[in-house]
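Visitor: Build the full structure now, drawing on both the sequences and the hints.
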Amino acid sequence: MTRWLMRRRVAAWLIFGGFAALPLIAAMTGDPYLVVVATRILAFAMAALALDLILGYGGMVSFGHAAYLGIGAYAVAILSRAGITDLGAHLGAAVVAGALFALVTGAISLRTRGIYFIMITLAFAQMAYFFFVSLSAYGGDDGVTLAARSTVLGQDWLHDDRVLYYAALAMLVGLYLLCVAITGSRFGRVLTGARENPLRMQAVGFTPFRFQLTAFVISGAITAIAGVILANQASFVSPSYMNWHRSGELVVMVVLGGIGNLLGAIAGATLALLLEEWLALFTDHWRLIFGALLILVVLYSRDGLTGLFKGRGK
Amino acid sequence: MTSLFLLQLLNGVQLGVLLFLIAAGLTLVFGIMDFVNLAHGVIYMVGAYLVVMFAGLTGSYGLALALTLPATLAIGLVLEALIFRRLYDRPHLDQVLATFGLVMVVTELVKIIWGQSPLSVLPPDALSGSVPLVGALRYPVFRLVVIAAGLAVAVGLWLVITRTRIGMQLRAGASNRAMVGALGVDIGRLFTVIFAFGAMLAGFAGAMVAPILSVDPGMGESVLILAFVVIVIGGIGSVKGAFAGALLVGIVDTLGRSFGPIILRAVMEPSAAAQTGRVLAPMLVYVLMAAILAARPQGLFGARP
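Protein chains in written order, with this note's numbering: chain A, 1 to 314; chain B, 1 to 305.
Derived from the structure by calculation, the hints contain no laboratory data. Heads up, the beta-carbon is just placed ideally off N, CA and C, and yes, glycines get one too. Some hints here could point you the wrong way.
Stretches of chain B that chain A covers, calculated by requiring three or more beta carbons in the stretch to come under 8 Å of a beta carbon on chain A [what the hints assert, rightly or not]:
| id | segment |
| --- | --- |
| 1 | 82-89 |
| 2 | 103-115 |
| 3 | 226-232 |
| 4 | 270-283 |
| 5 | 290-297 |
Some chain B residues judged to face chain A by a derived CB distance under 7 Å, without partners named [unchecked claim]:
| id | residue |
| --- | --- |
| 6 | H92 |
| 7 | L93 |
| 8 | L97 |
| 9 | D186 |
Label pairs and their computed distance ranges (CB to CB) [said to hold, decoys possible]:
| id | chain 1 | residue 1 | chain 2 | residue 2 | range |
| --- | --- | --- | --- | --- | --- |
| 10 | A | Y300 | B | R163 | 53 to 59 Å |
| 11 | A | Y300 | B | I112 | 45 to 51 Å |
| 12 | A | G140 | B | S214 | 16 to 22 Å |
| 13 | B | L9 | A | Y33 | 52 to 58 Å |
Guide: Have a look at this one:
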């Protein structure tokens with residue numbers, strides 16, 4: 001085992017161990033809100049992980065990943081309204097719907113490269129956004145409040161914030177291991193090869209398009225799972241989950257943690273959301289400071305945000 | 001029915017002309033500098049707010065418009081000098097992130113200065129009436145002025161690009177930036193001019209629609225995304241493509257919203273048709289984009305994919 005792999009394993013234990021201990025800290029400090037914030041962080045960490053899978057390893061900058069958060073969230077809302085409250089069904093529907101949307105939009109978007117790809121993924125996400133805005137049966141612009149959280153085996157265990165939190169943490173760890181397996185596999189190496197030199201990959205007999213589309217679909221499905229967690233945490237679903245600002249924030253999280261570094265994506269999501277929460281303590285206009293910080297970091301760090309975290313990452 | 005069609009067609013052309021004003025600046029910057037500017041939409045929004053503010057101060061829409069143009073030009077110059085200039089050689093991702101940060105900053109600043117609630121401004125008295133078009137159909141004068149102004153800008157832009165020295169440099173810069181620089185053109189200055197000019201076009205568009213639409217902090221975003229769709233359809237870097245794409249998107253979007261439900265009513269019951277139409281209409285331009293891309297990934301007039 002190389003030293004780098006050792007270090008990554010230690011970092012993973014530290015991060016997930018920290019998350020596992022967090023509800024205890026919240027109980028000791030008497031601040032239950034911490035668990036609520038942390039659940040949101042876990043959900044966004046899943047989404048950032050999924051985005052890093054295609055952005056970091058596949059070189060595909062999707063600027064529309066918030067659409068999958070929304071698709072996952074609406075899977076919960078729509079099934080719950082129909083009387084199906086089981087978490088398994090919600091997750092299944094979210095994964096299928098997210099994968100299908102990714103398959104169709106990805107197949108079209110992947111015909112293009114670079115900046116076209118960024119704009120097209122953004123446009124498709126906006127399409128999904130407007131679809132749910134005009135869906136008046138589910139509250140349109142205002143969204144819907146969920147009657148209750150998803151049930152597990154018919155029980156409303158997730159009603160307890162801490163149970164939901166640990167369920168989300170278990171999912172995050174599972175998805176992280178899945179992504180580590182994917183990126184370490186032959187599939188992942190072809191994906192990275194297609195990022196570096198698609199022509200050469202073609203020359204040695206692979207079709208980059210198929211690998212990229214598969215990764216895009218996997219990423220969409222994982223992000224939809226994050227949407228299921230978000231909907232359960234807030235007990236509320238609205239098109240604002242799909243706002244393009246959120247897609248931008250997801251990209252920021254991935255870049256913040258170091259592109260092509262799965263643990264980094266989780267750390268980036270944590271940092272970005274903590275910064276948001278912290279800035280929001282001082283002013284309603286926290287986006288002003290967040291945006292200004294973003295500009296400054298991009299301008300003054302040679303390799304963008306990742307430059308600040310050199311030494312870690314790949 | 002025919003008069004309704006004509007009315008909506010004019011509305012579509014008006015939206016298209018507006019989108020062209022935004023997309024032209026965006027595609028010049030893209031095509032020539034290879035620069036992604038997500039903040040282009042907020043300059044359109046700032047143009048609208050400025051015209052409302054200046055109209056309040058001077059009491060005249062015309063005067064306000066005359067003040068808004070140099071103001072947005074100046075904003076373009078300042079942003080170029082402070083931020084964009086440092087990002088030309090950076091990867092697209094850096095440009096996207098920095099301009100995304102700028103969107104957040106400008107949107108919040110607008111909320112702080114002018115508040116969250118929508119503002120409005122009246123068109124000048126001389127242009128506030130409506131004129132008869134065909135039969136009983138009347139159309140607001142100001143909307144016709146917007147269409148005329150947009151078309152005039154399109155023609156002017158075409159003349160500048162095809163007939164002037166700076167236009168020649170622009171076209172050359174779009175195909176080979178390094179070569180143009182080697183031939184002695186001051187690339188840095190050319191970029192500054194394009195950026196400021198693009199910002200002014202966006203500001204002009206914002207100022208022109210302020211009397212028609214409500215002016216609110218979200219107005220820049222929807223237009224920015226539509227302008228992206230326009231550019232993707234037309235082909236990056238092609239002003240001709242931006243014009244064709246803008247008219248296509250404007251007309252398809254407007255006609256889809258008004259006639260979608262009517263057409264659907266032929267195949268389903270009225271209430272279901274109205275509901276389905278409402279849901280599908282906003283997606284129409286994206287379906288159009290997908291269809292065009294599936295056939296031509298580089299867009300209608302684009303040279304490279």
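Visitor: A separate judgement is required for each hint: does it hold in the structure or not?
Guide: Hints versus structure:
Evaluation of the coverage hint for the segment 82-89 of chain B: fulfilled, as 3 residues show C-beta separations to chain A shorter than 8 Å, against a requirement of three. Note: the segment 103-115 of chain B has 8 residues with beta-carbon separation from chain A under 8 Å; the three-residue rule is met and the coverage holds. Counting residues of the segment 226-232 of chain B whose beta carbon lies closer than 8 Å to any beta carbon of chain A gives 4, which reaches the threshold of three, so the coverage claim holds. Against chain A, the segment 270-283 of chain B contributes 6 residues with a C-beta closer than 8 Å to a partner C-beta. That satisfies the three-residue criterion, and the hint holds.
For the segment 290-297 of chain B, the proposed coverage by chain A is satisfied: 4 residues have a C-beta within less than 8 Å of a C-beta in that chain, meeting the threshold of three. Given hint, H92/B at the interface with chain A, holds; its Cβ is 5 Å from that chain's nearest Cβ, closer than 7 Å. With its C-beta approaching chain A no nearer than about 6 Å, L93/B sits inside the 7 Å limit, and its interface hint holds. Interface restraint check for L97/B: the shortest CB-CB distance to chain A comes to about 5 Å, inside 7 Å, so the restraint holds.
This hint is violated: D186/B has a C-beta 23 Å from the nearest C-beta of chain A, more than the 7 Å allowed. Distance hint check for Y300/A and R163/B: the Cβ-Cβ separation is about 42 Å, which falls outside the suggested range of 53 to 59 Å. The hinted window of 45 to 51 Å between Y300/A and I112/B is violated, with their beta carbons roughly 25 Å apart. Distance hint check: the CB atoms of G140/A and S214/B are about 18 Å apart, consistent with the given range 16 to 22 Å.
Checked against the hint of 52 to 58 Å, the C-beta distance between L9/B and Y33/A comes to roughly 54 Å, which is consistent with it.
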